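K.L.:
Take these sequences, add in the hints, and give me the full structure.
Those sequence lines, one after another, are chains Y, L, R and F. 4 is the number of the first residue of the first sequence in the working numbering; add one for each residue after it. 4 is the number of the first residue of the second sequence in the working numbering; add one for each residue after it. 4 is the number of the first residue of the third sequence in the working numbering; add one for each residue after it. 4 is the number of the first residue of the fourth sequence in the working numbering; add one for each residue after it.
It should be emphasised that the hints constitute simulated quantities derived from the structure, not laboratory data. Only a predicted model underlies this, so the values are computations on that prediction, with no experimental measurement involved. One or more hints might be untrue.
[As the list claims (entries may be wrong)] In silico DSBU-like links for lysine-lysine, alpha-carbon gap of 30 Å or less:
1. K55(F) with K320(F)
2. K190(F) with K348(L)
3. K190(R) with K348(Y)
4. K238(L) with K348(F)
5. K190(Y) with K302(Y)
6. K77(Y) with K55(Y)
7. K148(R) with K238(Y)
8. K238(F) with K148(L)
9. K55(Y) with K456(Y)
10. K348(R) with K190(Y)
11. K148(Y) with K238(R)
12. K315(R) with K302(R)
13. K238(L) with K148(F)
Protein chains: 4
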Amino acid sequence: MRFVNNRAEDVNIAYIGGGSRGWAWAFMGDLALEESMSGTVRLYDTNFTAAKDNEIIGNRLLDHPGSRGKWVYKAVESIREALTGADFVVISILPGTLDAMALDVHEPERYGIRQPVGDTVGPGGIVRALRTIPIFAGFAEAIRKYCPEAWVMNYTNPMALCTRALYEVFPGIRAFGCCHEVFFTQKLLCEALREIMGIDGVTREEIKTNVLGINHFTWIDRAYYRNMDLMPVYKTFVDKHYEEGFEGNEKGHWINSVFGSANRVKFDLFRRYGVIAAAGDRHLSEFVPGDWYIASHEKWKFNLTPVSWRKKNQKDKIEKGKRLLSGEESFELRPSGEEGVRQMKALLGLDELFTNVNLPNRGQMEGVPLGSVVETNAHFSGDSVRPVMAGRLPDPVQNLVVRHIYNNETVLRAALNRDREMALRAFVNDPLVNLSLEDARALLDSMIRNTAKWLPGWEI
Amino acid sequence: MRFVNNRAEDVNIAYIGGGSRGWAWAFMGDLALEESMSGTVRLYDTNFTAAKDNEIIGNRLLDHPGSRGKWVYKAVESIREALTGADFVVISILPGTLDAMALDVHEPERYGIRQPVGDTVGPGGIVRALRTIPIFAGFAEAIRKYCPEAWVMNYTNPMALCTRALYEVFPGIRAFGCCHEVFFTQKLLCEALREIMGIDGVTREEIKTNVLGINHFTWIDRAYYRNMDLMPVYKTFVDKHYEEGFEGNEKGHWINSVFGSANRVKFDLFRRYGVIAAAGDRHLSEFVPGDWYIASHEKWKFNLTPVSWRKKNQKDKIEKGKRLLSGEESFELRPSGEEGVRQMKALLGLDELFTNVNLPNRGQMEGVPLGSVVETNAHFSGDSVRPVMAGRLPDPVQNLVVRHIYNNETVLRAALNRDREMALRAFVNDPLVNLSLEDARALLDSMIRNTAKWLPGWEI
Amino acid sequence: MRFVNNRAEDVNIAYIGGGSRGWAWAFMGDLALEESMSGTVRLYDTNFTAAKDNEIIGNRLLDHPGSRGKWVYKAVESIREALTGADFVVISILPGTLDAMALDVHEPERYGIRQPVGDTVGPGGIVRALRTIPIFAGFAEAIRKYCPEAWVMNYTNPMALCTRALYEVFPGIRAFGCCHEVFFTQKLLCEALREIMGIDGVTREEIKTNVLGINHFTWIDRAYYRNMDLMPVYKTFVDKHYEEGFEGNEKGHWINSVFGSANRVKFDLFRRYGVIAAAGDRHLSEFVPGDWYIASHEKWKFNLTPVSWRKKNQKDKIEKGKRLLSGEESFELRPSGEEGVRQMKALLGLDELFTNVNLPNRGQMEGVPLGSVVETNAHFSGDSVRPVMAGRLPDPVQNLVVRHIYNNETVLRAALNRDREMALRAFVNDPLVNLSLEDARALLDSMIRNTAKWLPGWEI
Amino acid sequence: MRFVNNRAEDVNIAYIGGGSRGWAWAFMGDLALEESMSGTVRLYDTNFTAAKDNEIIGNRLLDHPGSRGKWVYKAVESIREALTGADFVVISILPGTLDAMALDVHEPERYGIRQPVGDTVGPGGIVRALRTIPIFAGFAEAIRKYCPEAWVMNYTNPMALCTRALYEVFPGIRAFGCCHEVFFTQKLLCEALREIMGIDGVTREEIKTNVLGINHFTWIDRAYYRNMDLMPVYKTFVDKHYEEGFEGNEKGHWINSVFGSANRVKFDLFRRYGVIAAAGDRHLSEFVPGDWYIASHEKWKFNLTPVSWRKKNQKDKIEKGKRLLSGEESFELRPSGEEGVRQMKALLGLDELFTNVNLPNRGQMEGVPLGSVVETNAHFSGDSVRPVMAGRLPDPVQNLVVRHIYNNETVLRAALNRDREMALRAFVNDPLVNLSLEDARALLDSMIRNTAKWLPGWEI
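P.N.:
Next comes the structure, spelled out in structure tokens:
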């Protein structure tokens, strides 16, 4: 990497999961739209063909009229090739396959456990973590070996545990996890500002929030627009929409959307605890007992995302990939809404950025075990990410959060040691696992057995 | 108080709840059996007649042939009279009545929630705490006013919260909470030692255990007889008795005993977590989801104690009291197994004692919020109780415990502020409250309504 | 305060010490130069005439051609009037008089103790704190009463202790302390960047530093320009200039300047500890034993500032004030280099700012007592100042710093309780107080006696 | 090791420094006097002949009429032989020789630095630590290899750093450090009790003290006999003897004793800080600036121990050894006053013990860096040593102590990395090193050069 005329050139990015269709394309687009950087992106994927396709799609952007940053894409066959010399490492993988995910999400239904997402906590999240953590342990080893100074940006779920595993294996790693869920809540605050105060045209970046919690179960205890306290504004907004929910400008009614919701869970949590839950309702509902929201999700107006939908969506994207590859469809350049490229820019010292990320707790979240990965605001500047002191959650919310933090530590141990009994200790303590001890064991056993091929080293 | 010939004379004890029939008599007996102290016990009770009866029963001990410590008992009509000049304050009260307790324990059954005890956590424990904490707040104020330097020994449940309330209101108080549950586990270890190692005649005091957790959900992570590690001994013992349970020398089979158990819950928790749960099975089962043990308590071989039994028992004791009063029955002097008198002796500097007590966490339990009341070992000597560093619980157990610690803090807040919404935040997060949010609210509301007369200051 | 067209109007500022000639004028200038705010500044000073003069000088700025922010100045006779309705409170006072300061600084010379500044630590700093802390205790009480929600910006020394006293008396206060010393070090890094790397034109704001320590004894352990690590750059710079020092573009040779230095102390500390001391050499030298630098200050190329100079300077400013008042001299509008107005702008939500301030430690500085005031970076945004996790100093530097932190806590106690023995405990442990215990006591006694009139409530 | 009739037989003790004449004989005597244990002591020493002599002396005790515990002594030629199979490891060595110590203690005198002892802190203590820590690092490695479960008792100075080094290299070690200095202060409290209260015949074990600080700079903030608070008693005692000092029943006047003192330093520190300094005056005086006490040690009535005296004493002991060996002199059996054997007994589960020891801080001393070795009370029982929560020192005392704690950490780093600059960072911050930076460096350099032969691996 070198600076030429206030631009960073020859930036080296390793993209692990470089054959991805969703995240990779979004990232390519953001890179192309940012004029202050250029360089090379090495695409590594266990599916080399997919990476190769993305190489072609990516390089075609060089000729795109809207393309301001110039990037060369190159699919590589080994992680060593991807990482050597990297300034940045982006990790966005699907651990296992959607078949595995289907087992994570739907097997527990046999015991009456439904999961709107199933990739973070709950039976699905735990078993997904068991197969993902060893993969991330491998990434950490490789990064230590090939690019120990690189900045590592993780987009993979379960976010907290993937990031935690990187630090467990290579404590000196410079990694953080990124997620856009908080952004949507900031947008919701823009809606409240518009509707309650009549202030229009405010962007989510103008809403200043103090963020604390864990990924997908993140909370906001202070929100400001200028020096206007948004907590009472949000309260009025919640009171107004509590019964019917607020669907805002999301395309289509939540009923027809596997991702949509009417924010009723968010509103109810606000009423109960006085702080703003800052993730989608589908995610939030998974961190609390199933009887609270999931059991009556229609009433609470959110959907459970079937993995069949993900499979269909994957197929659509593969088709779209073919069209992009053949030139039949042209790449539409537009900001993805993700902050990865802005974070890179700040880490290169071209900008400053203050946003929420996932990092090991060093005290930024008071009263929470040190070392565990939490989500709070941080300050990004040249070669530096420093968490901001976020204070502490109200005790009743802390209690909901800490339960998952300790569970995460237990799952980490289980995954690294291939220890089924340890996994069970986390499993039975998950709020969604509302079972007798026998049933819990039986379910975990069958989930592990079902996904055995993605669990190398386990005695099954 | 003064020392004469290595004896402490004129010791002043205030007994709050001095009309009690169980604890007070046990305490009177222990006092009489200890030769190194004598003095006055002032009995204060909202039921003055009961205190007066105990005055007579107690003073009669002066003439008991086995009586070595000489104590004068005096029923007093105000707490001021009881406390003024006290060296020690003993608190052992029934908050509310058994009718209130019946509502605590049995009302939740309408929602399918069964409680073996119902006085610590769970719906019953929480509502009991709501009415007890303000009473203890009053005690703390009175102690600050009348005897700020006295040592205060609490025997009332919910133990952790009663003790916590004392410190919240009067941070300089010198209070601790006492409970005998750990002693029974030490006795169980004696049984294991006898049965597995063939070592007989060992007393529970010879079993050295490291204790940590919260009252009634206390754990032992190290147990030694001499320098013999008892963890593998206990493991063998548990393996041997896991299926059938161990009933030992307790009188009568557990089926006929509302307090008995076959220790199967204790054994199962040991198998799951590798550390020894150190309380009775009825208590332990209340700290975890009802589906784990309570739902199949016959299988796990323990009973739920109906409050009707407590009423019957109370009636029996009242009868016994009459007989003691009339002299029809004579007071049987024998050690109660409680440590209160030994603790007093140590605090007077006549002895040293190393035992488990309930104290605010100052770091003795690692990773647990400071200030919350925990149960660990402590060292008693002249005018001093100091907790011993107990280390930390394994993460999965810590998770089970911390949930109740935060819940306790939330209940404390709710009780002191008469805040129903705050109470609900703890209520819905209790492992036994396996309900929809609506049902949880409805249950709490009805429980508060039912016990309204013991909840002064609440808007009901 | 209200927003009109993206501008904050009717902002209310209370200026305590509003008769000041230096800070007040600088602040007036910065306010006038900032176009996004306007409002009223109420000037309160124990010297009402001086405040009145500044009212006239300030209001004249309304007509100044370069004036973009419109501010009305008003001298008020009571602190109540100043504070009521204030959005911001600025505190910049001289505690006592320069005569008092002369006694602080020069009395210790009788015992061979020389002090380059004498307002932070050392005998002078300690005695200054004894008379300043009660004044700040009064400010804290008044702020609690009249404007508890106002943001309070302190510029008075001893910075850490003044700010600490505000929080001690009113824990809910929203106060922070501001100092420009770090800025000069950032400018020095700009010089190093120019000289060693040939990169010119970089401003201090572009130098990103991690700041930690206490005011006037602040340290930088990371410094970046873009993504260039400045630590090796600074090392080369220090090696080059170590022997002769670096005087840079400061006007005049340090010999003729009571404030100037050749940065040799800074360079030597860097060599010894590997981290950058970020304050002027005169300040730094006071935090370590006098034998290190002060005893040979000519060799280390810095001067001791005699209070006679300050008196002369004060006289000059009074003269200048007269000329400004009469219109004989016109107010020169130019940025002061201070950040107060930018901080206000950020707190009003008109900007974001990331800079170093003095705040109670909540964990931003690891391993340092909580509550004590430390200087680290913080993030300013709408109604919010949050410290950034600054990590920890290397142990040997931590040791130098912690000594003053505990001493500060001791001085605080001494000042609030008028406790001479407590003051002595801090005094004898100050690195400059290299005396026998008798001499130390004699010196402290005489210093207290000398400044008795500014020590109300002390038994002298 | 095995239990037979409540006695521990076949106990295996490794004695490192087993050729010692003072400590080893005292230990042999205590072992012989204790009837509940017997076994083997393997004596390892770099001076094998000395160990061999002690083997003969020790085995002769088997026939001593007063000998109740039966121990076989065996000199061994390798540390491996000593450690393999050991239940306990005792370490009591002289690091280097008395010639090295003479250089530690007397070389600094050339710069006006006098040291009463010179083995803990100060220039002598620091340089002694530099040569001792690598030796202890070796011990830790060997213990990890040959007897990782053994209990390790260190008697070697610098106590805190030797113990710290063991834990640094082998974190799982079960080591603690023992020192008798606190015992003497407890005896002094017995004197106060006798003289002020007229209570005679109390032993030091009956004085209950709360101990906190670091070895040789330990403090007592609570002292009780029975339930009598001894702080006011001690205050009266100090007031009475402040001017003249108290020499009590120590043999001979302090003037003629290189170890004696009149406790005037102890009394003065009590007056200054309100807590009891609990070590000999010679030690205490080394932890504070030389101008406080050492510079006028005759006035403060304590002596500096010249190393020539130690050499003479060593010679006397060698002579005594010859006489013991030849049988010319018979071994006098009497309790040494050390607690090592009682500690072993407690660790074997034959007793309980509550006493002060040196252990890494896990929170027993509040506000002090975790991991650093501190001295507080601990509870000894079967296979267990647990520190008791000791609370925190008053800030001004904490400040004096913490300075040495950080210095210790710095010396540890310097010794393990053979890093002279790191050593200098601790050196210049020692209170006794009241020198210019040049002189400090010159002194350290010459001290390192002088003791070069005991500093393998250093670039000198």
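K.L.:
Hint by hint, say whether it matches the structure.
P.N.:
Each hint tested on the structure:
1. K55(F) with K320(F): 16 Å, holds
2. K190(F) with K348(L): Distance ~24 Å between K190(F) and K348(L) Cα, so the pair holds.
3. K190(R) with K348(Y): 24 Å, holds
4. K238(L) with K348(F): 27 Å, holds
5. K190(Y) with K302(Y): Answer holds: K190(Y) to K302(Y) is near 24 Å, not above 30 Å.
6. K77(Y) with K55(Y): 8 Å, holds
7. K148(R) with K238(Y): 29 Å, holds
8. K238(F) with K148(L): 29 Å, holds
9. K55(Y) with K456(Y): Between K55(Y) and K456(Y) the Cα gap is close to 26 Å, so the pair holds against 30 Å.
10. K348(R) with K190(Y): With a Cα-Cα distance of about 24 Å, the restraint between K348(R) and K190(Y) holds, given a limit of 30 Å.
11. K148(Y) with K238(R): Judged against 30 Å, a Cα distance of about 29 Å means the pair holds.
12. K315(R) with K302(R): 27 Å, holds
13. K238(L) with K148(F): 29 Å, holds
Hint compliance for this structure: every hint is met.
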